[in-house]
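There are 2 protein chains.
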Amino acid sequence: MKPGEYRSGNRLLDALPRQDRAQNEADLRFVALAAHQSTHSAGRAMEHVDFPVDAVLSVVATLMNGDTVEVGTVGNESFVEADAALNSSISMRTSFCQVRGTVARMSITRFEDRMEKSIPFARLMRRNVRAGLFSAQQFAACNAKHAIVKRCARWLSMTQDRVGSSDFILTQEFLAIMLGVRRSGVSEAADALQKIGAITYRRGAVRVLDQALLNAKACECYAACKGAFAESLQE
Amino acid sequence: MKPGEYRSGNRLLDALPRQDRAQNEADLRFVALAAHQSTHSAGRAMEHVDFPVDAVLSVVATLMNGDTVEVGTVGNESFVEADAALNSSISMRTSFCQVRGTVARMSITRFEDRMEKSIPFARLMRRNVRAGLFSAQQFAACNAKHAIVKRCARWLSMTQDRVGSSDFILTQEFLAIMLGVRRSGVSEAADALQKIGAITYRRGAVRVLDQALLNAKACECYAACKGAFAESLQE
DNA sequence: CGAGTTCTGTACGGAACTGTACCGATCTCG
DNA sequence: CGAGATCGGTACAGTTCCGTACAGAACTCG
Numbered sequence: 001m002k003p004g005e006y007r008s009g010n011r012l013l014d015a016l017p018r019q020d021r022a023q024n025e026a027d028l029r030f031v032a033l034a035a036h037q038s039t040h041s042a043g044r045a046m047e048h049v050d051f052p053v054d055a056v057l058s059v060v061a062t063l064m065n066g067d068t069v070e071v072g073t074v075g076n077e078s079f080v081e082a083d084a085a086l087n088s089s090i091s092m093r094t095s096f097c098q099v100r101g102t103v104a105r106m107s108i109t110r111f112e113d114r115m116e117k118s119i120p121f122a123r124l125m126r127r128n129v130r131a132g133l134f135s136a137q138q139f140a141a142c143n144a145k146h147a148i149v150k151r152c153a154r155w156l157s158m159t160q161d162r163v164g165s166s167d168f169i170l171t172q173e174f175l176a177i178m179l180g181v182r183r184s185g186v187s188e189a190a191d192a193l194q195k196i197g198a199i200t201y202r203r204g205a206v207r208v209l210d211q212a213l214l215n216a217k218a219c220e221c222y223a224a225c226k227g228a229f230a231e232s233l234q235e
Numbered sequence: 001m002k003p004g005e006y007r008s009g010n011r012l013l014d015a016l017p018r019q020d021r022a023q024n025e026a027d028l029r030f031v032a033l034a035a036h037q038s039t040h041s042a043g044r045a046m047e048h049v050d051f052p053v054d055a056v057l058s059v060v061a062t063l064m065n066g067d068t069v070e071v072g073t074v075g076n077e078s079f080v081e082a083d084a085a086l087n088s089s090i091s092m093r094t095s096f097c098q099v100r101g102t103v104a105r106m107s108i109t110r111f112e113d114r115m116e117k118s119i120p121f122a123r124l125m126r127r128n129v130r131a132g133l134f135s136a137q138q139f140a141a142c143n144a145k146h147a148i149v150k151r152c153a154r155w156l157s158m159t160q161d162r163v164g165s166s167d168f169i170l171t172q173e174f175l176a177i178m179l180g181v182r183r184s185g186v187s188e189a190a191d192a193l194q195k196i197g198a199i200t201y202r203r204g205a206v207r208v209l210d211q212a213l214l215n216a217k218a219c220e221c222y223a224a225c226k227g228a229f230a231e232s233l234q235e
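For the record, the sequence lines run as chains X and W. For the first sequence, counting from 1, position 62 maps to 62 in our numbering; every step adds exactly one. For the second sequence, counting from 1, position 12 maps to 12 in our numbering; every step adds exactly one.
There may be inaccurate statements among the hints.
[What the hints assert, rightly or not] The list that follows gives simulated cross-link-like pairs (lysine to aspartate or glutamate, DMTMM-like), each with its CA atoms no further than 25 Å apart:
{"hint": "1", "chain 1": "X", "residue 1": "K145", "chain 2": "X", "residue 2": "D167"}
{"hint": "2", "chain 1": "X", "residue 1": "K145", "chain 2": "W", "residue 2": "D191"}
{"hint": "3", "chain 1": "W", "residue 1": "K117", "chain 2": "X", "residue 2": "E116"}
{"hint": "4", "chain 1": "X", "residue 1": "K117", "chain 2": "W", "residue 2": "E116"}
{"hint": "5", "chain 1": "X", "residue 1": "K117", "chain 2": "W", "residue 2": "E112"}
{"hint": "6", "chain 1": "X", "residue 1": "K145", "chain 2": "W", "residue 2": "D67"}
{"hint": "7", "chain 1": "X", "residue 1": "K145", "chain 2": "W", "residue 2": "E220"}
{"hint": "8", "chain 1": "W", "residue 1": "K226", "chain 2": "W", "residue 2": "D161"}
{"hint": "9", "chain 1": "W", "residue 1": "K150", "chain 2": "X", "residue 2": "D67"}
{"hint": "10", "chain 1": "W", "residue 1": "K145", "chain 2": "X", "residue 2": "E188"}
{"hint": "11", "chain 1": "W", "residue 1": "K145", "chain 2": "X", "residue 2": "E116"}
{"hint": "12", "chain 1": "W", "residue 1": "K150", "chain 2": "W", "residue 2": "D167"}
{"hint": "13", "chain 1": "W", "residue 1": "K226", "chain 2": "X", "residue 2": "D67"}
Derived from the structure by calculation, the hints contain no laboratory data.
Please work from the sequences and hints to get the whole structure.
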C-alpha cells in the first residue's frame, strides 16, 4: 500500500490529508471492545483516544443518585474523548462501548503530539469536537421536548448508521438508561416501532426492517446531528 | 495603568497572562446589550465574539416547530460563540442577551489571530470551551431527569452568580422558554421558591433573598457547571 | 435436559407536566 | 390620566411518563 492510502476504517481519521493518514498507520492499534466495556472514566487521566471503526460508544453523564444519561453517541464519524482536543488530558465524562466492535486506539501522547505538530490534524479534530458540542446541545433540547418513541427512533437510526448494519445487539435496559427513561417505556416505544414495521426487537437483537420509515419516525435531532458530523468531515 | 494590569471585567479574559491582558485593551470595545438583543445567529458567519461583563447571554437550540431550549448560559466566566475556538467562524447556534448588561466585544478577525499567535490565549479559550461542552452535556442530563422547580432554582442560582447582584430582570415567560417548559409551570415553581423565602418574584423582577437556600434547592447541575467553569479559569 | 439467569411485555396507580384559558395586577406611553 | 400592552397567578382536563411489580419467554451453562 502506498503512503497515504492507509485506511483505518474510522471516517474522521480517514478524512485527514494524505500525509497525516500515512502517520496513522504507525500510531494506531486496533482493539476489540465487548459490550459495556469502559474506555474512559470521568475525572481520570486519559491514556488513549479511541476512534471507532464499527463499535458504537456512549458518553454518559452520571448524576448523584447514580442515574446515567447519554450525552454523546460516538461511532466511526468521531472519537472519544473530546477533552483531548481541548487542552486537557483528563476526561470529564465516562464512556463505554454500547455496541461491540473495533476501535482504532491512539495513545494520548501521540494524539497531543499530533495536535501540536499538524495543523490539518488539529483543525479536523477541533471541527469534529464542534459537531460533538452541537450534538450535546441538541440532546439537551431533545430530552426537554421530544417524546420517548421519537427519541428511541433517533437512537436506533443513529446507531444503524454507525454500525453499518441492519442488525445489532442492544438490550432495552441499556437503551432506557441512554435515553434517561424507564425500561418499560422503551419496551412500549419499541413495540410501537415494531407494529408499524420499522424494526423487529427480540431479546437484545435489533433489526432495522425499514430504514426510511425509522428515520421518519425519529425526531429532527437525528438529521441535525448527522448533518453536523458530516459537515465536520468535509473540507 | 501599567501594561498587564488592564482588567476587562470578564473573568476569562482577565485570567490571561499579563502580556495577553495588555493586548485586550486594544482589541475590545464595550457594548451595552438590551434584553433579548441577539448577538449571534445559527448558521451565520460571526462578526465578533462577546465576553460578558455583567450581561447574561443565552445560547439556544431552535427546534423545527419553533420551540427554543437553552443549551448554554454565558456570563463573565465565558464567551460566545464557542465555534470561534473550534476552527469555525460560523456559529451553530443562536444567542441573545437574557439579562441586560455590558459585553466586551472582539472582532472575529482579532480573535482568530490571537488564537493562532498566542498559545496561552488559545489554551485558555479551549479549556473554556471544554467547560461549555461539559455544561451542555449536563443540561442534557438535567432536562431528562430533574423537576422544574430544581431546574428553575438552578437557573436563578447561575444567573445570580453571573450578574453579581441579588436583583435582576427576567420574565417568567423567558425563563419558561429557557427551561423548555410552560410559563405557568415556571409560575408554580417560582411560587414554591417564594413560599420558602428563597426569592421574591414580581413582574419580571427577581430578587434573591437567601442565596444558600436557593442553591440548596437547585439540582446538582448548578454546582457541577460552576465547578467546571471555575476550573477552566485556573492555571 | 434442567436450573438459573436475563430479557421483554404488560399492568396499574400516581406524579409531573402540558395546553389552554381567563382574570387581575402592573407597567408603558401617548 | 386613561387606553393598551405586558405579566403573573390560578384552574382544569388530558397526556405522558414514572415506579413498581410480575409472569412468561428466551437464553446460558453445567
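Enumerate the violated hints, using their earlier numbering and listing them in ascending order.
1 and 11
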